[in-house]
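K.L.:
Listed here are the chains, written in short residue letters.
There are 2 protein chains.
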Amino acid sequence: MTIDAAVAELHTLLGKRLSRSKSDLDIHGRSESYFPLTPPDAVAYPESAEEVEALVRICAQHGCPVVGWGAGSSLEGHALATQGGVVVDFTRMDKVLQVNAEDMDVVIQPGVTREALNEELRATGLFFPVDPGANASLGGMAMTRASGTTAVRYGTMRDNVRALEVVLADGRRIRTGSRAKKTSAGYDLTGLMVGSEGTLGLVTELTLKLHGQPEAVSAAVCAFPDMEAAVNTVIMTIQMGIPMARIEFVDPNMAKGFNVYSGAGLPEAPHLFVEFHGSEDGMPGDVARFRELAEDMGASGFEWAEKSEDRSALWKMRHSAHYASLALRPGARALVTDICVPISRLAEAVEETRADIAAAPFPGTILGHVGDGNFHASLMFDEEDATEVAAVMDFSRRIVERALRLGGTSTGEHGIGIGKLDYMAAEHGDGWNVMGEIKRALDPQNIMNPGKVVRMN
Amino acid sequence: MTIDAAVAELHTLLGKRLSRSKSDLDIHGRSESYFPLTPPDAVAYPESAEEVEALVRICAQHGCPVVGWGAGSSLEGHALATQGGVVVDFTRMDKVLQVNAEDMDVVIQPGVTREALNEELRATGLFFPVDPGANASLGGMAMTRASGTTAVRYGTMRDNVRALEVVLADGRRIRTGSRAKKTSAGYDLTGLMVGSEGTLGLVTELTLKLHGQPEAVSAAVCAFPDMEAAVNTVIMTIQMGIPMARIEFVDPNMAKGFNVYSGAGLPEAPHLFVEFHGSEDGMPGDVARFRELAEDMGASGFEWAEKSEDRSALWKMRHSAHYASLALRPGARALVTDICVPISRLAEAVEETRADIAAAPFPGTILGHVGDGNFHASLMFDEEDATEVAAVMDFSRRIVERALRLGGTSTGEHGIGIGKLDYMAAEHGDGWNVMGEIKRALDPQNIMNPGKVVRMN
Ligand SMILES: Cc1cc2nc3c(=O)[nH]c(=O)nc-3n(C[C@H](O)[C@H](O)[C@H](O)COP(=O)(O)OP(=O)(O)OC[C@H]3O[C@@H](n4cnc5c(N)ncnc54)[C@H](O)[C@@H]3O)c2cc1C
Ligand SMILES: Cc1cc2nc3c(=O)[nH]c(=O)nc-3n(C[C@H](O)[C@H](O)[C@H](O)COP(=O)(O)OP(=O)(O)OC[C@H]3O[C@@H](n4cnc5c(N)ncnc54)[C@H](O)[C@@H]3O)c2cc1C
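Line by line, the protein sequences give chains A and B. Here the working numbering is used: the first residue of the first sequence is 113, the next is one more, and so on. Here the working numbering is used: the first residue of the second sequence is 113, the next is one more, and so on.
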């Protein structure tokens, strides 16, 4: 077998850092969400770009699939070796290589996690803002084009990766981009790699943009009479240019989940959780303008978190949403969807989704990075009950169709993996074929995370 | 001849809108900067995406080169039909198709110019910020990944194009992206197209991000004792997160040029021209903090432009830089370079460039979008004097080498065209080959703006 031959050579290359232990294979065969256990043939733990290069050359020679692995927190089965082969786990490549404070950038290895990076940056007055909740690796985040609560202000991984080092399918190691803030020198290979889910190469180094820690921060929770009022508040806040750093929508079911899970004591109504970043002078005015706007729309129960501990508690609650949703039906499995629509269509998209949840045989919550028009529905279904499984799959097809009908996308931030592959043709038309043509040009043997993002036949 | 056959069929398709008049060919054979007249075989004036599609299919059938043309203001010979063929002039596709105020986006045809777009948006409270000075077309700006004075705040075309419609080399018309603010659904084809200089397809529609017109605007001019003081002021301003919308560096020679050309009365010293966008509450504090910072660095002669007319006069002066530079040597030709480096290396890059100008047999000015680490040098040389021509070419090679040595890029915003092709290998290494592989996959016949950005053999 070609995979076996590759694994044997990789063993020579990496010694103990090529693992075939059942527990290791199982850990790397699991994924968040609802996909079955899919263990790879082996797990490699490289420690340098040179090793990654050698590893890929071996796999290329034997036609052996190569699948990157950061923290394994992706939600659509992205990092599962569905065609066997080697999972390349980057946890040993976790060094921060350079912090360039004047240039507000940082050069890191792909295994550095978001939390570790910000810990390292704390004393510099700078931070890395992209925050998917999970303590994901930066390599994985780049590969899924992750975003999260702060994207409304600081952008997604698309906006915050300045340069990459990538090992391609044939073992060539290239650098894309540079530490310059902008360039017009040819095709944007950095942008092409970001969001490619490891199907075009393995990332061995990232240069990321940093941001100044805000001088003043303020956060609040408020309830709205209905969804539309909440969304209109968001639209107007953005149009007025109020420097909001986070603006999260929470539906009545999700509020209930927070109450059950962490005794939040929220009214079971639509909510916005917001955070402002600004200057000491500007902040009070911004906060007042937001409050006025929101109250005009019927917002009530404003609770402000001025102290850093209170804000941490608020965002801790927000980041516990997955478990708070599960608390609504202990023992159930959760399917987490992720669509994004133009913000003018958001109220419609959420209302239709709520009606769909109300009619479903299982409970569901809605939570959204609403400043981007991006929201998730979590459906708590019984994976042993075939009717529920069928119903949840139908639900998830309908929500994507809704997104596309309203001019949006099948995934705002989680990505395609295997879970959303079936919608690519509908979303992109011939553009999906173009993606396949690019893949074929750069990975003709289809060894880099095969079966994800594109179809090759 | 295959080109002749294509032209004959195009004539049937477009009638009078396929021009072969000498004056038309000459207009479309000229370019800004120093390239010789290169008339194409014909100029097409399509009026719809369907026509563009039909046109490209005809050219594909006959292997006839197809070169897009917006306003022809690009500076590296981008739009010259160096291998003959048809120039596709988009001036008749100049409609604003949709203004979506709630979503802060606009859908336009590629021939809409920057000024026409902002005129159309004036009453909406929104604007499109990317400002390359010239009244370029948005199609052309997307294709060169243009930026300009406001990129420090609002980003470049990379950041402000949400979706595209593109006709590929084989006539397929695809849509990339959507009106959703973000997506993780597959490869970023929009990003791949932006900056591709028409070598991967013709853009027939753009969806652009808009921004709110700022509530308060303030601008100023101040002089510094030396370059380093000016750059350090910029670095600290950015790190403090002061919401600067423009921050332009002007060297002593450039200041002299403004004096000669428009009687500006500036001291012949390094200057910063700045503009702040913010809220009525926050602005005075921002302005005060900037002033304090700058004065600590030795800035003097602060002149504030609070009134809109005064600011217009300031930026009109800034945008006249090309002519103000030429005023230093009437009758000379100008070579305009464009490099970008990490901001920590900017003072070094500018100082070395100034020394190089001081030693040159011709005058030169330096002007920079300094918040991005991006600057231009304009060299006013005598095109009849072979020694000067050789010297200016050497100068322009040295400035690129300097940029690459300092970790930057050969072009921050003007692009590659034919003028910078020779530096691509040094800048990108194997990455340049990867660009060629992508080009070959999408345009195997090499008909889309052949000879630009990549090499095919
Ligand atoms: C509770 C919870 C909340 C979440 N919330 C959000 C959210 O708000 N926003 C959001 O965007 N996501 C969210 N996610 C999803 C997840 O955190 C992101 O998809 C994240 O980017 C995955 O990073 P990872 O390091 O875990 O990558 P992995 O899951 O390990 O891998 C992701 C993909 O990248 C590839 N890969 C990993 N490393 C490399 C490398 N070095 N080179 C090449 N390919 C590589 C893998 O093959 C795979 O295709 C959430 C997940 C959970 C569990
Ligand atoms: C005085 C002056 C100042 C300038 N300052 C700046 C500056 O500050 N920043 C900056 O970025 N640039 C600047 N430029 C350069 C120029 O304005 C930009 O490069 C601009 O983006 C070119 O736009 P255009 O419409 O003139 O495009 P063109 O010159 O017509 O074409 C540019 C490229 O795009 C292609 N193209 C055009 N339209 C299409 C289409 N619809 N589909 C496919 N391909 C197409 C062409 O083939 C060509 O390769 C300046 C130029 C001048 C003359």
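In case anyone wonders, no lab produced these hints; they're calculated from the structure. Mixed in with the good hints there might be a few duds.
Pairs involving identical chains hold if they fit within one copy or between any two copies, as the list cannot separate such chains.
[Said to hold, decoys possible] Quick list of in silico lysine to any residue cross-link-like pairs, SDA-like style, CA-CA up to 20 Å: (1) LYS321 / GLY353; (2) LYS321 / ILE350; (3) LYS321 / ILE347; (4) LYS321 / GLY267; (5) LYS321 / MET352; (6) LYS207 / PRO442; (7) LYS419 / ALA472; (8) LYS321 / ASN212; (9) LYS419 / GLU165; (10) LYS207 / SER160; (11) LYS207 / TYR157; (12) LYS321 / SER456; (13) LYS128 / PHE414; (14) LYS207 / GLU231; (15) LYS419 / SER160; (16) LYS128 / ALA472; (17) LYS128 / GLY353; (18) LYS321 / MET348; (19) LYS321 / PHE474; (20) LYS134 / PHE239; (21) LYS128 / ASP116; (22) LYS207 / ALA275.
K.L.:
With reference to the structure, classify each hint as holding or not holding.
P.N.:
Outcome of the hint check:
no., hint, verdict
1, LYS321 / GLY353, "between (22 Å within a copy, 14 Å between copies)"
2, LYS321 / ILE350, "between (23 Å within a copy, 13 Å between copies)"
3, LYS321 / ILE347, "between (27 Å within a copy, 14 Å between copies)"
4, LYS321 / GLY267, "both (11 Å within a copy, 13 Å between copies)"
5, LYS321 / MET352, "between (26 Å within a copy, 15 Å between copies)"
6, LYS207 / PRO442, "neither (39 Å within a copy, 56 Å between copies)"
7, LYS419 / ALA472, "neither (40 Å within a copy, 59 Å between copies)"
8, LYS321 / ASN212, "within (10 Å within a copy, 30 Å between copies)"
9, LYS419 / GLU165, "neither (48 Å within a copy, 59 Å between copies)"
10, LYS207 / SER160, "within (10 Å within a copy, 52 Å between copies)"
11, LYS207 / TYR157, "within (14 Å within a copy, 55 Å between copies)"
12, LYS321 / SER456, "between (30 Å within a copy, 14 Å between copies)"
13, LYS128 / PHE414, "neither (56 Å within a copy, 66 Å between copies)"
14, LYS207 / GLU231, "within (13 Å within a copy, 50 Å between copies)"
15, LYS419 / SER160, "neither (42 Å within a copy, 57 Å between copies)"
16, LYS128 / ALA472, "neither (49 Å within a copy, 61 Å between copies)"
17, LYS128 / GLY353, "neither (54 Å within a copy, 48 Å between copies)"
18, LYS321 / MET348, "between (28 Å within a copy, 16 Å between copies)"
19, LYS321 / PHE474, "neither (42 Å within a copy, 39 Å between copies)"
20, LYS134 / PHE239, "neither (39 Å within a copy, 58 Å between copies)"
21, LYS128 / ASP116, "within (17 Å within a copy, 66 Å between copies)"
22, LYS207 / ALA275, "within (16 Å within a copy, 36 Å between copies)"
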